[in-house]
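Adding 3 to a residue's 1-based position in the sequence shown gives its number in this note's numbering.
It should be emphasised that the hints constitute simulated quantities derived from the structure, not laboratory data.
Don't be surprised by glycine CBs; every beta carbon is placed ideally from N, CA and C.
A couple of the hints might just be wrong.
Below, simulated DSS-like cross-link-like pairs (lysine-lysine); rule was C-alpha separation at most 30 Å, straight line [as the list claims (entries may be wrong)]: (1) Lys133 x Lys204; (2) Lys137 x Lys73; (3) Lys137 x Lys202; (4) Lys70 x Lys202; (5) Lys231 x Lys73; (6) Lys136 x Lys71; (7) Lys202 x Lys136; (8) Lys71 x Lys204; (9) Lys137 x Lys204; (10) Lys70 x Lys133; (11) Lys202 x Lys133; (12) Lys133 x Lys231; (13) Lys71 x Lys133; (14) Lys136 x Lys204; (15) Lys73 x Lys136; (16) Lys231 x Lys77; (17) Lys73 x Lys133.
Cβ-Cβ distance ranges computed for the label pairs, FRET-style [stated by the list, open to error]: (18) Pro42 x Lys137: 43 to 53 Å; (19) Ser135 x Ile44: 44 to 54 Å; (20) Ala208 x Tyr119: 20 to 30 Å; (21) Ala47 x Ile211: 15 to 25 Å.
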Amino acid sequence: MEFYVILLLCLASFIAGFIDAIVGGGGLIQTPAALILLPNISVAHVIGTLKVPAFSGTSIATYQFLKKVKINWKLFGIMALVSFVFAYVGSSLLNVMKNDFMKPVLFIILVLLLIYTYLKKDFGQFQISKLSKKRQYIYTMLICVVIGFYDGFIGPGTGSLLIMAFIAILGFDFLKASAYAKLVNLATNIGSITLFVIKGKIIWAVAIPMAICNALGAWIGARLAISKGNGFIRVLFLVIVGIALLRFGYDVFLK
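Take these sequences, add in the hints, and give me the full structure.
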(Lines of atoms letter the chains of each structure in order from A and count residues from 1; the text may use other names and numbers.)
(Lines give C-alpha, C1' and ligand atoms only; values in the text may rest on other atoms or scores of the structure.)
Protein backbone atom coordinates (compact mmCIF):
# COMPACT_ATOMS: atom_id res chain seq x y z
CA MET A 1 0.00 0.00 0.00
CA GLU A 2 1.33 3.45 -1.00
CA PHE A 3 2.93 5.55 1.74
CA TYR A 4 0.84 8.65 0.93
CA VAL A 5 -2.38 6.64 1.47
CA ILE A 6 -1.22 5.63 4.95
CA LEU A 7 -0.19 9.23 5.63
CA LEU A 8 -3.61 10.62 4.63
CA LEU A 9 -5.38 7.94 6.66
CA CYS A 10 -3.26 8.84 9.68
CA LEU A 11 -4.09 12.54 9.24
CA ALA A 12 -7.81 11.74 9.06
CA SER A 13 -7.45 9.51 12.11
CA PHE A 14 -5.70 12.24 14.11
CA ILE A 15 -8.47 14.77 13.32
CA ALA A 16 -11.14 12.17 14.09
CA GLY A 17 -9.52 11.32 17.42
CA PHE A 18 -9.27 15.00 18.34
CA ILE A 19 -12.93 15.73 17.58
CA ASP A 20 -14.27 12.46 18.94
CA ALA A 21 -12.56 13.03 22.29
CA ILE A 22 -14.44 16.29 22.76
CA VAL A 23 -17.93 15.82 21.32
CA GLY A 24 -18.03 12.49 19.48
CA GLY A 25 -18.62 12.20 15.75
CA GLY A 26 -15.07 11.26 14.76
CA GLY A 27 -16.50 8.52 12.57
CA LEU A 28 -18.03 11.20 10.34
CA ILE A 29 -14.47 12.07 9.30
CA GLN A 30 -12.51 8.84 9.60
CA THR A 31 -14.97 6.46 7.92
CA PRO A 32 -15.58 8.40 4.66
CA ALA A 33 -11.84 9.09 4.35
CA ALA A 34 -10.99 5.39 4.67
CA LEU A 35 -13.69 4.32 2.20
CA ILE A 36 -12.40 6.83 -0.36
CA LEU A 37 -8.69 6.06 0.13
CA LEU A 38 -9.17 2.27 0.22
CA PRO A 39 -11.55 1.69 -2.71
CA ASN A 40 -10.28 -1.81 -3.45
CA ILE A 41 -10.68 -3.06 0.12
CA SER A 42 -13.97 -4.64 1.17
CA VAL A 43 -16.22 -2.49 3.34
CA ALA A 44 -16.12 -5.14 6.08
CA HIS A 45 -12.31 -4.97 6.20
CA VAL A 46 -12.35 -1.14 6.21
CA ILE A 47 -14.89 -0.93 9.04
CA GLY A 48 -13.12 -3.68 11.00
CA THR A 49 -9.76 -1.90 10.61
CA LEU A 50 -11.22 1.44 11.75
CA LYS A 51 -12.43 -0.10 15.00
CA VAL A 52 -8.81 -0.33 16.22
CA PRO A 53 -7.98 3.42 15.98
CA ALA A 54 -11.47 4.21 17.33
CA PHE A 55 -10.73 2.05 20.36
CA SER A 56 -7.25 3.50 20.96
CA GLY A 57 -8.47 7.09 20.73
CA THR A 58 -11.47 6.45 22.95
CA SER A 59 -9.25 4.73 25.53
CA ILE A 60 -6.91 7.71 25.77
CA ALA A 61 -9.78 10.21 25.92
CA THR A 62 -11.58 8.14 28.57
CA TYR A 63 -8.45 8.05 30.75
CA GLN A 64 -8.13 11.85 30.53
CA PHE A 65 -11.78 12.42 31.42
CA LEU A 66 -11.67 9.96 34.33
CA LYS A 67 -9.03 12.12 36.00
CA LYS A 68 -11.45 15.07 35.99
CA VAL A 69 -14.99 13.62 36.12
CA LYS A 70 -16.42 11.51 38.94
CA ILE A 71 -18.13 8.41 37.53
CA ASN A 72 -21.02 6.39 38.97
CA TRP A 73 -19.68 2.96 38.00
CA LYS A 74 -22.95 1.17 38.66
CA LEU A 75 -24.73 3.56 36.29
CA PHE A 76 -22.01 3.08 33.69
CA GLY A 77 -22.28 -0.71 34.03
CA ILE A 78 -25.94 -0.50 33.04
CA MET A 79 -25.09 1.84 30.15
CA ALA A 80 -22.39 -0.48 28.82
CA LEU A 81 -24.42 -3.68 29.09
CA VAL A 82 -27.63 -2.30 27.53
CA SER A 83 -25.77 -0.44 24.75
CA PHE A 84 -23.74 -3.53 23.89
CA VAL A 85 -26.81 -5.78 23.68
CA PHE A 86 -28.87 -3.40 21.54
CA ALA A 87 -25.92 -2.50 19.29
CA TYR A 88 -25.66 -6.23 18.59
CA VAL A 89 -29.42 -6.35 17.87
CA GLY A 90 -29.09 -3.38 15.50
CA SER A 91 -26.16 -4.96 13.66
CA SER A 92 -28.05 -8.22 13.33
CA LEU A 93 -31.09 -6.43 11.89
CA LEU A 94 -28.85 -4.57 9.44
CA ASN A 95 -27.97 -7.94 7.86
CA VAL A 96 -31.59 -8.52 6.82
CA MET A 97 -32.84 -5.00 5.99
CA LYS A 98 -31.56 -1.58 4.88
CA ASN A 99 -31.30 1.40 7.21
CA ASP A 100 -32.08 4.05 4.56
CA PHE A 101 -35.63 4.65 5.82
CA MET A 102 -34.28 5.92 9.17
CA LYS A 103 -32.02 8.59 7.64
CA PRO A 104 -34.77 11.20 6.96
CA VAL A 105 -35.95 10.81 10.57
CA LEU A 106 -32.40 11.30 11.86
CA PHE A 107 -31.98 14.34 9.59
CA ILE A 108 -35.03 16.01 11.18
CA ILE A 109 -33.80 15.14 14.69
CA LEU A 110 -30.39 16.69 13.96
CA VAL A 111 -31.98 19.89 12.61
CA LEU A 112 -34.05 20.27 15.78
CA LEU A 113 -31.00 19.47 17.95
CA LEU A 114 -28.86 22.07 16.17
CA ILE A 115 -31.53 24.79 16.54
CA TYR A 116 -32.20 23.94 20.20
CA THR A 117 -28.51 23.87 21.18
CA TYR A 118 -27.83 27.15 19.35
CA LEU A 119 -30.80 29.01 20.85
CA LYS A 120 -30.47 27.64 24.38
CA LYS A 121 -27.15 29.18 25.37
CA ASP A 122 -27.00 27.41 28.74
CA PHE A 123 -27.57 23.94 27.24
CA GLY A 124 -24.99 21.65 28.85
CA GLN A 125 -23.21 24.47 30.66
CA PHE A 126 -24.24 23.34 34.13
CA GLN A 127 -25.11 20.03 35.72
CA ILE A 128 -28.84 20.13 36.53
CA SER A 129 -30.08 16.72 37.64
CA LYS A 130 -33.39 16.66 39.50
CA LEU A 131 -34.10 13.02 38.80
CA SER A 132 -34.58 10.48 41.55
CA LYS A 133 -32.11 7.60 41.52
CA LYS A 134 -34.79 5.23 40.21
CA ARG A 135 -35.78 7.55 37.34
CA GLN A 136 -32.13 8.16 36.46
CA TYR A 137 -31.57 4.42 36.01
CA ILE A 138 -34.78 3.96 34.02
CA TYR A 139 -34.00 6.87 31.68
CA THR A 140 -30.41 5.66 31.31
CA MET A 141 -31.61 2.25 30.13
CA LEU A 142 -34.04 3.82 27.65
CA ILE A 143 -31.31 6.07 26.23
CA CYS A 144 -28.93 3.15 25.80
CA VAL A 145 -31.61 0.94 24.21
CA VAL A 146 -32.35 3.55 21.54
CA ILE A 147 -28.82 4.81 20.88
CA GLY A 148 -27.23 1.38 21.27
CA PHE A 149 -29.60 0.10 18.58
CA TYR A 150 -28.80 3.14 16.41
CA ASP A 151 -25.07 2.50 16.79
CA GLY A 152 -25.43 -1.03 15.47
CA PHE A 153 -27.98 -0.16 12.79
CA ILE A 154 -26.59 3.13 11.37
CA GLY A 155 -23.58 4.26 13.43
CA PRO A 156 -22.14 7.70 12.58
CA GLY A 157 -22.59 10.38 15.23
CA THR A 158 -23.38 7.99 18.08
CA GLY A 159 -21.10 9.83 20.52
CA SER A 160 -22.79 13.16 19.78
CA LEU A 161 -26.25 11.65 20.25
CA LEU A 162 -25.20 10.13 23.58
CA ILE A 163 -23.90 13.49 24.77
CA MET A 164 -27.13 15.21 23.73
CA ALA A 165 -29.28 12.61 25.50
CA PHE A 166 -27.21 12.66 28.69
CA ILE A 167 -27.52 16.47 28.86
CA ALA A 168 -31.18 16.83 27.86
CA ILE A 169 -32.57 13.85 29.80
CA LEU A 170 -30.16 13.12 32.66
CA GLY A 171 -29.16 16.73 33.31
CA PHE A 172 -25.40 16.27 32.85
CA ASP A 173 -23.14 19.13 31.73
CA PHE A 174 -21.08 18.77 28.53
CA LEU A 175 -17.94 17.61 30.35
CA LYS A 176 -19.69 14.86 32.32
CA ALA A 177 -21.79 13.83 29.30
CA SER A 178 -18.62 13.52 27.20
CA ALA A 179 -16.97 11.31 29.83
CA TYR A 180 -19.93 8.91 30.01
CA ALA A 181 -20.27 8.86 26.20
CA LYS A 182 -16.61 7.85 25.94
CA LEU A 183 -17.10 5.01 28.42
CA VAL A 184 -20.12 3.67 26.53
CA ASN A 185 -18.28 3.91 23.20
CA LEU A 186 -15.34 2.08 24.74
CA ALA A 187 -17.59 -0.82 25.75
CA THR A 188 -19.20 -1.13 22.31
CA ASN A 189 -15.80 -0.85 20.58
CA ILE A 190 -14.46 -3.79 22.59
CA GLY A 191 -17.35 -5.94 21.40
CA SER A 192 -16.86 -4.88 17.78
CA ILE A 193 -13.10 -5.48 17.78
CA THR A 194 -13.58 -8.95 19.27
CA LEU A 195 -15.98 -9.83 16.46
CA PHE A 196 -13.75 -8.45 13.68
CA VAL A 197 -10.62 -10.15 15.08
CA ILE A 198 -12.41 -13.51 15.12
CA LYS A 199 -13.55 -12.97 11.52
CA GLY A 200 -10.10 -11.80 10.41
CA LYS A 201 -11.38 -8.47 9.08
CA ILE A 202 -8.66 -6.17 10.47
CA ILE A 203 -5.75 -4.95 8.30
CA TRP A 204 -3.17 -4.43 11.01
CA ALA A 205 -0.62 -2.63 8.78
CA VAL A 206 -3.19 0.14 8.40
CA ALA A 207 -4.87 -0.13 11.81
CA ILE A 208 -1.74 0.29 13.97
CA PRO A 209 -0.40 3.61 12.54
CA MET A 210 -3.95 4.98 12.46
CA ALA A 211 -4.43 3.89 16.08
CA ILE A 212 -1.31 5.81 17.16
CA CYS A 213 -2.49 8.99 15.38
CA ASN A 214 -6.05 8.66 16.69
CA ALA A 215 -4.74 8.24 20.24
CA LEU A 216 -2.55 11.35 19.87
CA GLY A 217 -5.49 13.38 18.55
CA ALA A 218 -7.71 12.09 21.37
CA TRP A 219 -5.10 12.98 24.01
CA ILE A 220 -4.86 16.57 22.74
CA GLY A 221 -8.63 16.87 22.29
CA ALA A 222 -9.50 15.57 25.74
CA ARG A 223 -6.97 17.84 27.48
CA LEU A 224 -8.28 20.82 25.51
CA ALA A 225 -11.90 19.98 26.39
CA ILE A 226 -11.06 19.68 30.08
CA SER A 227 -9.06 22.92 30.15
CA LYS A 228 -11.51 24.98 28.05
CA GLY A 229 -14.66 23.61 29.67
CA ASN A 230 -18.31 23.43 28.69
CA GLY A 231 -18.45 26.58 26.55
CA PHE A 232 -15.78 25.31 24.18
CA ILE A 233 -17.40 21.87 23.97
CA ARG A 234 -20.77 23.45 23.13
CA VAL A 235 -19.32 25.34 20.15
CA LEU A 236 -17.58 22.27 18.75
CA PHE A 237 -20.74 20.23 19.37
CA LEU A 238 -22.66 22.64 17.12
CA VAL A 239 -20.01 22.28 14.41
CA ILE A 240 -20.09 18.47 14.50
CA VAL A 241 -23.89 18.32 14.44
CA GLY A 242 -23.73 20.64 11.42
CA ILE A 243 -21.33 18.26 9.67
CA ALA A 244 -23.60 15.33 10.51
CA LEU A 245 -26.52 17.27 8.99
CA LEU A 246 -24.60 17.74 5.75
CA ARG A 247 -23.74 14.04 5.68
CA PHE A 248 -27.30 12.83 6.22
CA GLY A 249 -28.73 15.61 4.04
CA TYR A 250 -26.64 14.26 1.17
CA ASP A 251 -27.86 10.72 1.86
CA VAL A 252 -31.51 11.81 2.04
CA PHE A 253 -31.78 14.37 -0.78
CA LEU A 254 -28.92 13.80 -3.24
CA LYS A 255 -28.27 10.05 -3.37
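In rising order, the numbers of the hints this structure does not comply with: Violated hints (numbers, rising): 1, 3, 4, 7, 8, 9, 11, 14 and 20; every other hint is consistent with the structure.
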